[in-house]
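4 protein chains.
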Amino acid sequence: MAGNTFGLLFRVTTFGESHGGAVGAVIDGCPPGLELNENDIQPELDRRKPGQSSLTTPRKEADTIKIASGVFEGNTTGTPILLIAHNNDARPGDYNNLKDLYRPSHADYTYYAKYGLRDWRGSGRASARETLARVAAGAIAKKLLRKELGIETLAYVQQVGNLVTDLDPSEVTTEKVESSLVRCPDPEASKKMVSLIESIRDEGDSIGGVIVGRITGVPAGLGEPVFDKLHAELGKAMLSINAVKGFDIGSGFAGVSLKGSVHNDPFITDSSGRVRTTKNHAGGVLGGISSGETIVFRVAFKPVATISKSQNTIDHLTKLPAIIKGEGRHDPCVLPRAVPIVEAMSALTIVDHWLRQRAQYS
Amino acid sequence: MAGNTFGLLFRVTTFGESHGGAVGAVIDGCPPGLELNENDIQPELDRRKPGQSSLTTPRKEADTIKIASGVFEGNTTGTPILLIAHNNDARPGDYNNLKDLYRPSHADYTYYAKYGLRDWRGSGRASARETLARVAAGAIAKKLLRKELGIETLAYVQQVGNLVTDLDPSEVTTEKVESSLVRCPDPEASKKMVSLIESIRDEGDSIGGVIVGRITGVPAGLGEPVFDKLHAELGKAMLSINAVKGFDIGSGFAGVSLKGSVHNDPFITDSSGRVRTTKNHAGGVLGGISSGETIVFRVAFKPVATISKSQNTIDHLTKLPAIIKGEGRHDPCVLPRAVPIVEAMSALTIVDHWLRQRAQYS
Amino acid sequence: MAGNTFGLLFRVTTFGESHGGAVGAVIDGCPPGLELNENDIQPELDRRKPGQSSLTTPRKEADTIKIASGVFEGNTTGTPILLIAHNNDARPGDYNNLKDLYRPSHADYTYYAKYGLRDWRGSGRASARETLARVAAGAIAKKLLRKELGIETLAYVQQVGNLVTDLDPSEVTTEKVESSLVRCPDPEASKKMVSLIESIRDEGDSIGGVIVGRITGVPAGLGEPVFDKLHAELGKAMLSINAVKGFDIGSGFAGVSLKGSVHNDPFITDSSGRVRTTKNHAGGVLGGISSGETIVFRVAFKPVATISKSQNTIDHLTKLPAIIKGEGRHDPCVLPRAVPIVEAMSALTIVDHWLRQRAQYS
Amino acid sequence: MAGNTFGLLFRVTTFGESHGGAVGAVIDGCPPGLELNENDIQPELDRRKPGQSSLTTPRKEADTIKIASGVFEGNTTGTPILLIAHNNDARPGDYNNLKDLYRPSHADYTYYAKYGLRDWRGSGRASARETLARVAAGAIAKKLLRKELGIETLAYVQQVGNLVTDLDPSEVTTEKVESSLVRCPDPEASKKMVSLIESIRDEGDSIGGVIVGRITGVPAGLGEPVFDKLHAELGKAMLSINAVKGFDIGSGFAGVSLKGSVHNDPFITDSSGRVRTTKNHAGGVLGGISSGETIVFRVAFKPVATISKSQNTIDHLTKLPAIIKGEGRHDPCVLPRAVPIVEAMSALTIVDHWLRQRAQYS
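Residue numbers (our numbering), protein chains in the order written: chain F, 2 to 363; chain E, 2 to 363; chain A, 2 to 363; chain X, 2 to 363.
Source of the hints: derived by calculation from the structure; they are not laboratory data. A couple of the hints might just be wrong.
Which copy is meant is left open, so a pair is good if it fits within one copy or across any two.
Claimed, not checked - Heads up, simulated DSS-like pairs for lysine-lysine below, C-alpha to C-alpha not over 27 Å straight-line: (1) 193 - 260; (2) 280 - 67; (3) 310 - 148; (4) 280 - 320; (5) 326 - 280; (6) 310 - 260; (7) 193 - 144; (8) 326 - 310; (9) 192 - 260; (10) 148 - 100.
Between the sequences and the hints, there should be enough to build the whole structure, so can you do that?
Following this line, the structure appears as structure tokens:
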């Protein structure tokens with residue numbers, strides 16, 4: 002319970018299911034005086050929305066957001082901001098055939114185990130449609146961070162299946178990311194990834210991958226010692242995105258086989274007198290607190306569970322074996338659409354820690 | 002701020018620095034009526050404490066815990082439990098040579114950037130000594146979970162440097178783990194790891210590795226949709242441990258290259274009528290909620306930053322380049338001592354979600 | 002910041018201003034399986050809404066609530082419930098004459114001091130319209146408490162100006178309350194109060210009063226030691242209602258002049274073996290924890306600040322003295338409409354502590 | 002559960018029972034760089050401690066506080082501060098005669114109902130000894146507020162039994178308060194109160210009263226709209242103190258019979274250009290947010306439950322009627338010792354809202 006809120010001071014509470022009613026978020030704690038209207042948000046939602054390319058589900062969703070409180074005469078007032086999108090592609094009939102089956106690797110069964118009842122329309126609250134609210138809230142966080150601190154969050158697809166780009170994160174730009182259908186800024190790799198996803202789509206199957214997140218401009222000093230270390234909070238933020246199974250920062254899993262003398266990042270003073278490190282195995286966080294270096298992390302996405310192929314499962318009521326027939330509309334690879342979600346969760350994490358730091362030591 | 006508390010309902014607040022005074026924890030929200038005394042806690046602390054083998058730092062610490070409130074006539078009362086250990090190997094003099102230098106890949110600089118002052122004794126609040134409090138609190142969580150739900154948490158060293166055991170997590174027992182100096186339950190791999198760590202120690206260097214965490218007996222239904230997904234909370238818990246740079250669950254980073262049809266875990270009904278899956282790529286969590294299958298995850302530890310070799314850095318005051326001379330007492334590989342910490346954080350995460358579930362739907 | 006959420010486990014976050022957009026609440030943590038539709042909520046809103054009698058403001062508001070998430074097939078699902086009412090009597094033009102004046106004893110100035118900007122429509126977030134959301138959320142809490150524990154919350158007007166009824170709280174029924182235009186269950190006193198309010202209204206003035214809250218059926222054991230004592234939480238809940246300036250419980254302010262030997266409530270065992278007290282100076286709470294006796298408290302409301310008479314104030318921009326001209330539409334006495342708000346906040350407080358107790362010791 | 006923490010950003014968690022072990026607090030979120038040592042705290046504890054005059058219990062308690070973490074070289078570091086006092090007048094034997102009886106108007110029964118077990122030593126966690134931790138934490142908050150904002154908290158006894166001073170709160174000084182044995186700054190009233198308490202003491206009885214709290218120097222803008230209104234938080238803080246049954250602010254219960262035209266506080270601009278009100282019926286808070294005027298409130302204390310007279314009650318085990326024999330050592334009137342507790346809770350409330358405001362809009 003109470004798992005629908007993110008952040009201590011920039012507090013985002015999301016609501017809504019995949020079908021019926023509305024989805025959205027209430028943001029409590031946004032500083033007053035930020036210029037804001039729906040146009041600040043909609044472009045981010047368009048990056049997330051289904052049907053944007055041949056690689057995503059053809060399902061149409063009404064990803065049109067409305068700001069229904071907390072803004073007056075074009076500025077945030079400091080009071081709660083309601084962001085709301087009404088659902089209007091509600092075709093619960095589509096799901097009648099799934100009503101009594103547990104879809105493998107979906108949350109159908111675990112929700113039932115948790116709540117004792119079953120919302121079989123789409124995935125109910127477990128639907129990826131919930132991430133719309135995150136992206137909308139994240140757009141506000143992004144704008145605030147850019148304006149106040151010059152912080153930029155960026156994400157891109159590094160890997161799809163076994164295809165990996167070795168592009169250095171520091172060379173990536175938003176333009177390069179957005180010019181790729183899969184949001185991989187390496188044109189060669191991008192082309193291969195598109196082919197792979199198309200063939201996976203045609204098989205009626207799905208494939209996973211890795212997204213890299215990068216945050217630049219974070220001043221040294223954000224993050225809290227002990228439990229709320231900045232990378233622990235970032236990790237939680239990323240792991241809370243649907244289909245994410247892993248997170249690492251800086252050298253991450255690859256760094257475990259290095260020696261300390263190789264792994265450690267020596268300090269230097271740069272020409273402007275700022276404390277820097279000569280390299281960044283740390284990924285921008287030391288002892289849980291931002292070092293002023295670029296924050297770089299990786300997020301592992303499993304292949305999405307929804308596929309067109311038939312699968313073995315059981316019936317919810319009889320508990321007898323059953324065959325689940327594939328659904329027509331699904332994303333063969335969720336990564337291109339997940340890029341703005343990773344950016345949104347990055348921004349929500351950082352903005353919260355910026356306010357926390359400002360409270361204690363401003 | 003407020004980063005020193007873990008959990009919503011089984012709420013652990015830790016305090017204390019590496020030197021001076023005391024370290025410990027206050028637990029608010031422990032159910033009443035649990036039999037508890039210091040002997041329930043001390044064995045776990047002994048697994049964590051320095052100086053326990055030739056592979057760990059020879060530094061001695063007074064890891065003797067005292068329960069100073071919240072227990073009456075041998076049972077928890079439901080009121081806050083104070084766990085406290087006094088520091089008595091306080092030799093701040095040892096650190097005089099480090100007083101003005103930023104140790105590479107330590108938190109010295111970031112703490113200074115955050116708070117505007119510097120506690121140069123040991124690592125102050127960033128010291129691994131803080132984990133003593135986690136292990137102590139975790140011992141209570143473990144006892145509660147075992148008694149109430151039959152849940153067991155276990156961790157072991159899977160990798161040191163490039164040495165990896167391919168032992169199946171389901172075959173591991175506490176006995177096997179504890180019989181190994183490095184807490185690797187695979188005798189062959191263990192032997193090699195010991196050799197590697199000894200040679201690293203003799204070089205004055207350090208090395209990282211991977212710990213596997215396993216939680217058995219968790220009923221289906223724990224964890225919260227959306228932000229507080231069970232694996233997101235586990236991930237945060239693990240990433241908050243000193244030196245951790247990565248976390249994945251189930252198929253994790255390796256699963257991204259699988260197809261959905263291969264990755265998905267089909268449901269079956271077992272002979273006792275219980276809903277199960279035929280395999281466990283999910284790692285025991287579906288949609289953020291426990292499925293009743295064993296929870297299995299990996300935690301990546303970087304090589305510890307403290308080494309005996311000389312390193313380049315800068316002076317805190319002058320910001321001029323400086324050479325930091327190695328310290329005599331350090332762990333060449335933190336993983337053997339981190340095993341009980343991983344178990345403790347596992348138990349603290351699960352116990353909190355058990356209470357959360359009980360509140361909403363009991 | 003973060004002041005728009007009430008409750009730890011039954012968590013209500015409200016949003017919305019008096020004009021423009023919408024007002025409402027998100028409830029996170031409601032147990033699943035509660036039958037719920039808008040008809041469970043609307044009757045409570047009708048008790049709160051303006052224009053319901055000659056004693057309230059003639060202003061019309063669209064107090065029509067919609068449940069937009071968290072309910073499926075007529076039952077709560079355990080996921081966030083969005084309650085939303087759209088504003089449609091928005092006539093910001095009405096407030097043009099107030100745009101630059103600080104209304105005495107309103108929040109105009111303090112909001113400006115807090116946020117550095119001014120939402121001059123109605124009272125923005127400080128408007129009593131926000132209480133609509135509380136009443137809507139409270140209706141769900143009431144239904145849950147009634148169904149699960151047989152708990153009933155009731156409130157009534159005890160005092161208007163100097164007119165006081167000495168009716169014993171135990172004799173009051175909802176029917177008696179609702180049969181009175183002022184929601185005072187004592188017909189004699191009610192008649193006098195109506196006359197008083199009518200004359201105050203005709204003067205263009207306002208008057209305060211006292212509401213008594215009563216909660217029956219609360220089992221012994223709810224409430225938390227130390228800071229979250231049940232009556233401290235009830236007190237906060239009541240003091241957070243617009244225009245409330247005081248709260249006491251049981252013997253309250255009157256009890257301070259009694260001797261302990263008179264004030265103390267002796268324990269007895271009743272015929273059914275239940276532990277009771279022979280009287281209830283405590284007001285149903287001992288040491289911050291419910292005793293099983295009826296909870297009885299008083300809430301003091303100041304006269305509402307909005308009156309038709311002219312008043313001295315200053316101009317927001319010039320800071321020069323100004324005369325504020327009275328507004329046409331206001332409540333001469335807010336108490337009749339505040340009765341359902343007191344009941345709602347009572348229910349929200351109790352339901353949260355019920356879940357808290359269930360989590361720790363069920 | 003989780004009821005042992007106060008504050009969102011200046012977070013105080015208290016622990017400890019009346020007997021055995023220790024009592025104290027952990028403060029998380031204190032800004033770094035505040036000069037602090039035990040001498041900043043001890044004088045406040047001395048004002049609270051038992052045995053300080055003929056009017057208080059002759060019981061001796063070891064109210065000696067130790068700072069065991071969070072301070073380095075005389076300054077707060079920004080990390081958790083452990084404040085701890087060891088119990089050493091532990092004579093549980095004193096309570097053997099009470100072991101099986103529910104003391105009337107004490108928390109014995111309700112704690113049992115809540116937790117299913119009974120800590121019969123003193124009052125366990127319900128003991129007034131817990132307030133030692135509040136006063137210690139409050140001393141830090143007081144120092145911080147004084148240094149950073151020039152805010153001063155002050156409290157005094159306004160009423161004992163029926164004896165009331167009509168002294169204007171603005172005329173009171175700490176010196177006047179401390180020069181009175183009962184902490185009533187009106188010498189005439191003080192003398193009468195002393196006599197009254199002495200006669201109550203000699204009867205073996207107890208008596209209640211009212212404490213006035215005053216906070217000066219609070220800037221306009223502190224407090225949160227809606228649920229966390231500044232006076233709602235102050236009210237909760239006060240109502241959480243043992244024996245408190247009521248709270249009001251500004252005109253409070255007396256103001257309900259005034260007309261709005263009389264009650265409203267007109268705004269003016271003072272000679273320095275500051276926005277002020279010509280009077281302060283509001284008590285320094287408008288719409289839940291501080292107005293810059295002095296905050297003034299009243300706190301009602303019931304007569305303490307512990308008396309020397311015999312009383313009727315029941316036996317915990319048999320549930321049969323029993324006579325409880327009076328205890329020798331008790332406070333006939335708790336108010337003189339409660340004055341520093343009211344000040345401490347005032348300071349803790351204000352300091353938390355100062356940090357909250359600084360986070361959102363600094």
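Hint by hint, here is what the structure shows:
In this assembly of identical chains, residue 193 and residue 260 lie within 27 Å of each other by CA distance solely across copies; the values are 16 Å between and 35 Å within a copy. Proximity of residue 280 to residue 67 under the C-alpha cut-off of 27 Å is found in neither arrangement, the shortest distances being 44 Å within a copy and 43 Å between copies. In this assembly of identical chains, residue 310 and residue 148 lie within 27 Å of each other by CA distance neither inside one copy nor across copies; the values are 47 Å within and 43 Å between. Taking the shortest Cα distances, residue 280 and residue 320 sit within 27 Å of each other only across copies (18 Å), while inside one copy they are farther apart (56 Å).
For a Cα distance limit of 27 Å, the shortest separation of residue 326 from residue 280 across copies, 20 Å, qualifies, whereas the shortest one inside one copy, 51 Å, does not. In this assembly of identical chains, residue 310 and residue 260 lie within 27 Å of each other by CA distance solely across copies; the values are 11 Å between and 46 Å within a copy. In this assembly of identical chains, residue 193 and residue 144 lie within 27 Å of each other by CA distance neither inside one copy nor across copies; the values are 34 Å within and 52 Å between. Taking the shortest alpha-carbon separations for residue 326 and residue 310, only the intra-copy value of 7 Å comes in at or below 27 Å, while the best inter-copy value is 61 Å.
Proximity of residue 192 and residue 260 under a CA criterion of 27 Å is satisfied inter-copy only: 19 Å between copies versus 37 Å inside one chain copy. In this homomeric assembly, residue 148 and residue 100 never come within 27 Å of each other (Cα to Cα): the closest approach is 47 Å inside a single copy and 29 Å across copies.
Comparing the model with each numbered hint stated earlier shows that hints 2, 3, 7 and 10 do not hold.
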